[in-house]
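Engineer: These protein sequences, in sequence, are chains A and B. For what it's worth, my numbering labels the leading residue of the first sequence as 13, then goes sequentially. For what it's worth, my numbering labels the leading residue of the second sequence as 13, then goes sequentially.
It is possible that some hints are incorrect.
Since copy identity is lost for identical chains, a pair holds within one copy or between any two.
As a list, the in silico BS3-like pairs of lysine-lysine whose alpha-carbon atoms are at most 25 Å apart [unchecked claim]:
#	residue 1	residue 2
1	295	353
2	320	34
3	35	320
4	352	320
5	347	295
If you are wondering where the hints come from, they were derived from the structure by calculation, not from laboratory data. Keep in mind the model is a prediction, meaning the values are calculated, not measured.
There are 2 protein chains.
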Amino acid sequence: MKLYAVIMAGGVGSRFWPRSKKKTPKQLLKIFGENTMIQDTVNRLDGIVEKENIYIITNKVQKAGILTQLPHLPLNNIVEEPFGRNTAACIGLASVLIQHKDPDAVTLVLPADHIIKGEKEFHDTLLKAAEFADKEKGLVTIGIPPARPETGYGYIQIDEKSDFDHVFKVLTFAEKPNYATAVRFLESGDFFWNSGMFIWRADVIMEEIKTYMPELYEGMMVVKDAIGKDGFQEVLTNVYGQLKKISIDYGIMEKSKKVYLIKGNFGWSDVGSWEAVYELSEKDEDGNAKIGNIYTDMVTDSYIYSPKKFTAVIGLDNLIVIDNDDALLICKRDKAQDVKKIIDYLKINKLTEYM
Amino acid sequence: MKLYAVIMAGGVGSRFWPRSKKKTPKQLLKIFGENTMIQDTVNRLDGIVEKENIYIITNKVQKAGILTQLPHLPLNNIVEEPFGRNTAACIGLASVLIQHKDPDAVTLVLPADHIIKGEKEFHDTLLKAAEFADKEKGLVTIGIPPARPETGYGYIQIDEKSDFDHVFKVLTFAEKPNYATAVRFLESGDFFWNSGMFIWRADVIMEEIKTYMPELYEGMMVVKDAIGKDGFQEVLTNVYGQLKKISIDYGIMEKSKKVYLIKGNFGWSDVGSWEAVYELSEKDEDGNAKIGNIYTDMVTDSYIYSPKKFTAVIGLDNLIVIDNDDALLICKRDKAQDVKKIIDYLKINKLTEYM
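So that you can see chain A by itself, here it is in the shape it has in the complex (with noise of 0.2 Å):
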């Protein structure tokens, strides 16, 4: 079994202005310590898969950026989406290019952005889940045990009974809870945040999108057709001109009879927004957490991040500050969200330069 590894790097993270802008977003920076996020998804799947199995998918204005911060990967493996489509047409896409070189591949799909702590407890899992999928031919998600009745993430429910050495058939998928319902979901036991991260055979998924996603599948199979030709890219554009932008849960997990969910024991966040940051970051006796030359009289539980400018606060609590080259967030912790109507706010009076 060989493992192959599609890291899905096209999002925009509005969530993280004024540090994200579309050249430069959320997996492309350096959120915590001295590594990008997406340099740190790559690092982290050192000893389970060769550097030249490992692909991301990107776009346009996120390629120069990811060839400069993953030079060890082969140029190839950088493939470029003509336009974003959602997750469906991502992994289609990915699927393909493995299946021409690997028919027997198995393959980790993995979000770009998402921070994991517990190295050896995720690679135990995915190569377990690898195991399975290889054997049974089943669409493996990993569930994260809920720690909190999060509000934030869509939730996975499974079906405790069906065991298959620690790999369990999946239930139902749900969509983001009100906290009544998270708390619903927290009591039962049976339901998981889901990750987005999936294990399967590339040939069992292009099988169920087959089934469930038709027209995807076409599409594909006419790019299966022109890998390593001329016009490669222009075949590309062409058919992703025609598909939808339909995400793999909506468009095949939440249908298909071969789900299966494995319990990720590891610390897991997919860092939805600053609040996440915040949260993740290491704090002073104060419960800051400071990046810069920041001085601090009477605060307490605030994200400062300043590294260019000097920068006194005084007297404020659960605060983020974001001070960047051409912009500047000061933002309530727990409006961290209403972050990403500053993008609405700029499109719409066209101060396009700052996102």
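Starting from the structure of chain A, add chain B where the hints point.
Structural biologist: Then chain B, alone, in the frame of chain A:
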């Protein structure tokens, strides 16, 4: 009667960091509208003091800025103190310079960085005070009828019965009071805010200095002999080297028997902090004063100054934000007095480039 003005412009304004720096203290900043505070202070004398009779007492680091901002004043009227020695020395120096030019001069002594609303009332007050000071040889202070139990100002108590056509004999000077005392002052009706503005004949204040501060007087006589001669600045430096730092309030006003008060029935503020700037600024319907390209969402009662950088603030109230080229301040409004502690921090940590 010829009027002269002495504008005291030596202050550093550490509570206005990061806009005020050593070279650009509060009086040299555009805080309200298109003019700097010292330009407003000079312009406010139009019609009652001739330009050639306006003297600015400042220091080495601020002199260039003042020359640039006040090109219409005679060069010799911008006087550089070798070191700051508080207001008594500043006033002694200005008085001998003015006496040398006009032994009968009546001088208005004014801080460079106060805000006044109601120019006609201001002029009327100054002219009435000048007439009284000239005729009665008194030292006249301007007292502002208190609008609230302010603990940030000194107070002056008058003898209401001693009414010399709306100029009153002063009973006592009171330091900044605590809140309970400030309430009592407000209710008493005979306490007024000490505006730091004085009107007197130059010869009268020099006589009082001779009586109550003989060392300062002797020093100033040495300075007087050197006026117009080579080596004046050297003599000044030697004399200033011997002087103690004493305010005119402590050195003269609290001791002299000739102290009077005229009520200033115009809008006045010493603009002592960013909080005062907020209060004096025009606000939008959310109670915000915004300077720059500022996005606000769920933000009220805040002062946001960020002229060079697109700035977004979300979910906060009663905030002060000052974004300057090399430093950023974010402060709760009721903590505006604590901004000056940043200056101590910068000194201790040898971050003088930010001062």
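Engineer: If a hint holds in the structure, say so; if it doesn't, say that too.
Structural biologist: Going down the list of hints, with the structure as the test:
1. 295 x 353: Cα proximity of residue 295 and residue 353: across copies only (24 Å, versus 28 Å in one copy).
2. 320 x 34: Answer is both: 21 Å inside a copy and 22 Å across each meet the 25 Å cutoff.
3. 35 x 320: Both, since 20 Å and 22 Å are each at most 25 Å.
4. 352 x 320: Classified as both: same-chain Cα gap 24 Å, cross-chain 22 Å, threshold 25 Å.
5. 347 x 295: Close inside one copy (20 Å) and across copies (24 Å); limit 25 Å.
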